[in-house]
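Participant: Sequence:
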Amino acid sequence: MSSPLQRAAGGAKRALSASSSSSASLPFDDRDSNHTSEGNSDSLLADEGSDFEDSLNRSVKKRAAKRPPKTTPVAKHPKKGSRVVHGHNRKQSEPPANDLFSAVKAAKSDMQDSGYYPLTAPGPSWKKFQGSFCEFVRTLVCQCQYSLLYDGFPMDNLISLLTGLSDSQVRAFRHTSTLAAMKLMTSLVRVALQLSLHQDNNQRQYEAERNKGPGQRAPERLESLLEKRKELQEHQEEIEGMMNALFRGVFVHRYRDVLPEIRAICIEEIGCWMQSYSTSFLTDSYLKYIGWTLHDKHREVRLKCLKALKGLYGNRDLTARLELFTSRFKDRMVSMVMDKEYDVAVEAVRLLILILKNMEGVLTDADCESIYPVVYASNRGLASAAGEFLYWKLFYPECEIRTIGGRERRQSPGAQRTFFQLLLSFFVESELHDHAAYLVDSLWDCAGAQLKDWESLTSLLLEKDQNLGDVQESTLIEILVSSARQASEGHPPVGRVTGRKGLTSKERKTQADDRVKLTEHLIPLLPQLLAKFSADAEKVTPLLRLLSSFDLHIYCTGRLEKHLELFLQQLQEVVVKHAEPAVLEAGAHALYLLCNPEFTFFSRADFARSQLVDLLTDRFQQELEELLQSSFLDEDEVYNLAATLKRLSAFYNAHDLTRWELYEPCCQLLQKAVDTGEVPHQVILPALTLVYFSILWTLTHISKSDASQKQLSSLRDRMVAFCELCQSCLSDVDTEIQEQAFVLLSDLLLIFSPQMIVGGRDFLRPLVFFPEATLQSELASFLMDHVFIQLGDLGSGGSQEDHLQIERLHQRRRLLAGFCKLLLYGVLEMDAASDVFKHYNKFYNDYGDIIKETLTRARQIDRSHCSRILLLSLKQLYTELLQDHGPQGLNELPAFIEMRDLARRFALSFGPQQLQNRDLVVMLHKEGIKFSLSELPPAGSSDQPPNLAFLELLSEFSPRLFHQDKQLLLSYLEKCLQQVSQAPGRPWGPVTTYCHSLSPVENTAETSPQVLPSSKRRRVEGPAKHNREDVSPSQEESLKLNSIPPTPTLTSTAVKSRQPLWGLEEMEEEDGSELDFAQGQPLAGTQRSRFLGPQYFQTPRNPSGPGLGNQLMRLSLMEEDEQEELEMQDESSEERQDTDMQASSYSSPSEYGLDLLDSTELDVEDF
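According to this note's numbering, the residues represented by the sequence shown are 1 to 1167, in order.
What the hints contain is simulated information worked out from the structure, not anything from laboratory work.
Treat each hint with caution, since some may be false.
Simulated crosslink set (DSSO-like; lysine-lysine; CA at most 30 Å straight-line) [unchecked claim]: (1) K340 / K330; (2) K975 / K842; (3) K577 / K464; (4) K539 / K464; (5) K532 / K577; (6) K875 / K926; (7) K307 / K128; (8) K393 / K288; (9) K930 / K875; (10) K506 / K517; (11) K562 / K509; (12) K875 / K975; (13) K127 / K307; (14) K127 / K501; (15) K357 / K127; (16) K562 / K452; (17) K926 / K852; (18) K821 / K842; (19) K452 / K506; (20) K452 / K464; (21) K501 / K532; (22) K852 / K842; (23) K288 / K357; (24) K464 / K128; (25) K340 / K297; (26) K562 / K532; (27) K330 / K307; (28) K288 / K310; (29) K501 / K310; (30) K127 / K310; (31) K330 / K288; (32) K212 / K128; (33) K452 / K501; (34) K501 / K340; (35) K330 / K357; (36) K517 / K464; (37) K330 / K393; (38) K452 / K357; (39) K307 / K393.
Generate coordinates for the entire structure from the input sequences, incorporating the hints supplied.
Facilitator: If you want it as C-alpha cells, here you go:
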C-alpha cells in the first residue's frame, strides 16, 4: 500500500505532465510576484507535496516571459536541455523531470523525518560546510562572469530552481535555497559593480579618443570602444535582470519568512548590497525593508538590521542618502537602546554613536537624555557602549586631543580640569545614581587616559581656593578611588560582570605599571588628603580604602618611610575621632595590610597598632569601672563606652587582640546586663561581638598546634558560658540585641558542630557542642516571632521607609539562613525544619529561594526523613487551623486553600524521578490517611472525623503515584473507613475528593476528543493502557511496591503538521503542578478522554481530506497574523518574546492575509 507522500508525489508528476503539455501551446502570461504567490498558495492548498514542482514550473514560465526575445540563426542548434516543440509532438532533450522530482521527494522525506539538514546540523564540520557552500556560490559566479553568466540558460535555470525551492513548505529546502539565492545575488552585485567600473573606464577612453585631433583619431579604436560599450550595457542589463528576478522572487517574500534564520540571511545580504553597490541599492525603496524589520521579534534579525545600518552610517559619504530613512526610523533606533537582548541594545548604542559622529544635529537632546541612564546598566558591555556615547556627546567636543604632525599631543591641565568638571556636573545634576564607580567603569574603555590623570584629581581636591561643594568633593573622591581600583585591579563594580576569564599579558603589564604610577603619586599625598577630610566620615572612608590599590613594597624601595609614619598618625587620629562602622572597618583593614610580616616596615606598623590598641584598652577599662561602680551613666559616658567598644570590636575582627585579655571584662559587663538590665543596649551590642571574636581567635590558636586538655576545657567553658549569655539575650526587650544574639549564637553553634573535627582534627572533639532541647526550642520560637511575620507593601523604592524595609528584609533573610544551616549540619533536629517548610508558600516571595535550597539539601541527606517532615508541616498547619476555626466548613477557608497550594508545591519538589520516589509518596499517603482518621467523632454523632479534610491535601500528591499504587491505596482507605463506627448516609466530601484523585483513568466516561479545551503548552503523553488486570485482594491489603510500571509506548511526532486545527491547540497547565506525569494524573471531563486508548495518538483523518486540514491551519495563521500586524509598529522590544516557529507552520507569502511589512498595509507612505 502506497504512503500518502508517494501518492502525493504521483499526483504531482501527473499534474506536472499535464501542465507541461498544455503550456507548450498556450502563450505565457506576464504575472507579477503577487499573482505568483497566489498561485503558489493555491497549489499548496490543493496538494502539499507538489509545491516545489508547481512553483518551479511557474518560475520557468515567468523568466521566459520576462526575458526579451533573442534572434538566433535558424541553423543554430538548440542549447542542451532546451525544449523543441513541433506542433503537438513534443520532444525533450533534457532528462525527464520526474527523476529530479523523485530525488527532491526523497530528500524532503528524509529531512522531515530527521529534523536536521546541513545548515542546522550541529558540529564543526557542518559549520564549515555552510561557509564552503557560500564560497562555492561565490566562486561559481566568479568563474562564469565572462562567459556562461550571460549564456541565458545556466543562470536562468539556476535562478528558477532557487526561486522555486525558496517557496517550498519544507524548511530545509527553503532555508538552503534562500541562502544560495542571497549569496548568488551578492556575487551578482559584485559583478555588476565591476561592470559599472568597466563602463566608466570605457566612457573615459571613448571621450579621450574622440577629443583627439582628426589626424590622431583612430576610427577603428572608436568603433571597438562603441562595441565594447554596447556589450557592457547588454551585460549590465542581463545582470540587472537576474538581480531583479532574485530580489522579487526570493528576497521580497523571504525577508518576512516565519523562520528567523531566513529573515536574518536576507537582511544581512541586503546590507552588503547597499555597502558595496550603493549607487543602485542605497535608495529608500530598499532601505525600507531594513527599517520595517527593525521591529522583528527575533533577536538575531534585529541584530542583523543594526549591523547592516552600522556599515552604512559608518561611511560619511553615504550618510547624505540616509536623511529620509533616519527621520522615519530614528525613534525606533533610539528605543532599541532599551532592548531586552543586551547584544541588540549594545549594537543600537554603537549605531547611534556613528549617527552622532557623522550626522550632526540629527539626535536631539531628548534622544540623548534617553541614552544617558544606560551608563548605569548592570550589563557592562551595554554600559560601556553608553559611556562611549556620553563621551562623544559631552566630553569630546570640550576636551578634544589635538594632533600635531600625526602625533597625539598630551592634553593641557586646563582641558583635564574641564573634563573632571563636566564629569562632576553630569553625575551630580543628572541624579541618576548614587555611586560614581559605575560611571567610571562605563567611561573606562573610551576615557581611561583622562580618568587615570590622578595629578589633576588630587590637585582639585587639595586646592584651597577651589569652589567645590560638599557633594562635589565626595563625588570627586569616589571618582579618584574608583579609577585607582579600576587601574590596579581591573574589577568592575559590584553587580557588573565582564564575562572575561582573564587578562592578557599586555593588560597585566599595563595594570602593573599603572599601579606603580598610582602608588608613587598618592603615597605622599594620602596623609594630606586624610588630614584635610578627617572630620568627614563619608570622605575619609574611601580614602582609607585607597591603600588596597597600592603596591606597598614601594614604601621600602622608594624610601618613603616618612610618609608611612604620617599615614599611621592620620590613621590613629581618624580611628579615635570616628565611631562609624564603615570608617572603623576601613581603618582596621588598612592597618591589616600594613601589618604584614613580609614587609620590612612591619615593626613600625605593629608598634603603631600596639599604641592604638593600648589607648583604646585603657579607655575601656576606665569607662567600664565607672559603669560597674555607678548605678547611672549620662549620655556622654554611655556614648564614649559604646564608641570604644565599637573601635575594639572592629579591630578585633581583623587583628588578634588576645594578649589584651578583653574576654573577662566584656563577660562581666554582659553578665551585669543580664542580671540587672541596667546596661544600655548601645554597649551590649559591641560587647557581644568582642566576646565572640575572642572565642574565635582562641580557637584559631588551638587549631594550629596540639593544645593541652586544660586549654580545650577552658575554651569549651568560655563557649558554653557565652551561649548561655546569648540565650538569655534572646528574651531581651531590645530587638537589635535579640537579633545580634541569634546571629552570633547560630554561627558559634555551627563552628562547634561535629563538622569541626573533619579533616584530621580529632583532637578538637572535646569542643564539639550540641545544644539542649530548650535552646533549640528558643531558636525556633525566635524564628517564628522575628522572621515569619508579614511585611508591609513596598512603595516605589525611593522613600526612606522603603529602604529601611528592604534592610529589614535582608536582616530577616540572614536570620533564616543561619537557622537553616544549623538544620543541614545536624546541629538542630531535622524535625525542626517543619517550622520553616510550612511557611514555604506564604513567604515564597521573601524566602522562597532559601527554603527551596534547604528542602533540596534535606532531601539529599535523607529522602525518607524529609518526606516525613513535609507531612509533619502539613499536619501542624492543619492542626492550628482546626484549633482556630473548628471542623465545620474547614475546606472552604482561605487558609485551607493556601494549605492546598503548599501541598502542591511540596508535591512538585519530588521532581520527575517518579520511580525513585515511589515508596516515599506511598508512605506519605498512608501516614496521611492514618492522621485523617486518627480522631473519630463522638459516639452517636453523624459528623465526619475532625481530621478528615486532611485527605484533600493528600490529593495533591496523587499525581505522583503509579496506577498500581492508586489501587492499593484505595483498598487501604476502604479498609480504614470500615473501622469508623458511624458511617454517614451519603459519602463524605473529602473522601470523595481523595478517591476521585486515586480513581484509575480507564474508569472515566468516554468523551469526544473534538471538545478538548484550548491551552498554551503542549504536553507529550504516553498512550493509555488497555485491558489492565485488576488488582488482587492480597495486593490490596498489603502496600508492597513490588510492581514495576510498564514502559510507555513511544510515539512519533514527525507528522505534527498534519494534525487538524483542534490538534494544534495545546493543553493549559496550572503553575507547573503536573510536570509531565500524565499517566498518574487525575483528569476530569474531557481531559480524561485523551487517555482512553492509543487512538488519541493517531492522526485523525478528516473526511474532507488532508487539504481541508491544511486550509484550516492556514486560516488560523492568517487570523493570527492579521491581529499581529496591528500591534507591530507600537510593540516595544522589551515586550517581545522569541517565538518557536516550526516549518510545519510555514505558509507562502499570500497566506498571511495582509503583508505585515508592506507600507500600504501599515498606512506608511512609500519612500
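Participant: A separate judgement is required for each hint: does it hold in the structure or not?
Facilitator: Outcome of the hint check:
1. K340 / K330: holds (19 Å)
2. K975 / K842: At roughly 36 Å apart (the allowed maximum being 30 Å), K842 and K975 break the hint.
3. K577 / K464: Distance ~23 Å between K577 and K464 Cα, so the pair holds.
4. K539 / K464: Measuring from Cα to Cα gives roughly 17 Å; hence the hint holds.
5. K532 / K577: holds (14 Å)
6. K875 / K926: Holds. K875 to K926 sits at ~14 Å (cutoff 30 Å).
7. K307 / K128: holds (23 Å)
8. K393 / K288: The hint holds at about 28 Å.
9. K930 / K875: holds (12 Å)
10. K506 / K517: holds (17 Å)
11. K562 / K509: holds (29 Å)
12. K875 / K975: Holds, at about 22 Å.
13. K127 / K307: holds (21 Å)
14. K127 / K501: The hint holds at about 25 Å.
15. K357 / K127: Since the Cα atoms of K357 and K127 sit roughly 37 Å apart, the hinted pair is violated (cutoff 30 Å).
16. K562 / K452: holds (26 Å)
17. K926 / K852: holds (25 Å)
18. K821 / K842: holds (21 Å)
19. K452 / K506: OK: K452 and K506 at ~18 Å, within 30 Å.
20. K452 / K464: With a Cα-Cα distance of about 23 Å, the restraint between K452 and K464 holds, given a limit of 30 Å.
21. K501 / K532: violated (40 Å)
22. K852 / K842: It holds: about 13 Å lies between the C-alpha atoms, which stays within 30 Å.
23. K288 / K357: Between K288 and K357 the Cα gap is close to 23 Å, so the pair holds against 30 Å.
24. K464 / K128: At roughly 66 Å apart (the allowed maximum being 30 Å), K128 and K464 break the hint.
25. K340 / K297: This hinted pair holds, its Cα atoms lying about 11 Å apart.
26. K562 / K532: Satisfied, since the Cα-Cα distance of roughly 19 Å is no more than 30 Å.
27. K330 / K307: Answer holds: K330 to K307 is near 15 Å, not above 30 Å.
28. K288 / K310: Distance of about 15 Å is within 30 Å: holds.
29. K501 / K310: Holds. K501 to K310 sits at ~29 Å (cutoff 30 Å).
30. K127 / K310: With a Cα-Cα distance of about 26 Å, the restraint between K127 and K310 holds, given a limit of 30 Å.
31. K330 / K288: Cα-Cα ~13 Å, so holds.
32. K212 / K128: violated (56 Å)
33. K452 / K501: Judged against 30 Å, a Cα distance of about 24 Å means the pair holds.
34. K501 / K340: Measuring from Cα to Cα gives roughly 25 Å; hence the hint holds.
35. K330 / K357: holds (15 Å)
36. K517 / K464: Holds, at about 25 Å.
37. K330 / K393: holds (17 Å)
38. K452 / K357: holds (25 Å)
39. K307 / K393: holds (22 Å)
Figure legend: structure checked against the earlier numbered hints; hints not met, in rising order: 2, 15, 21, 24 and 32.
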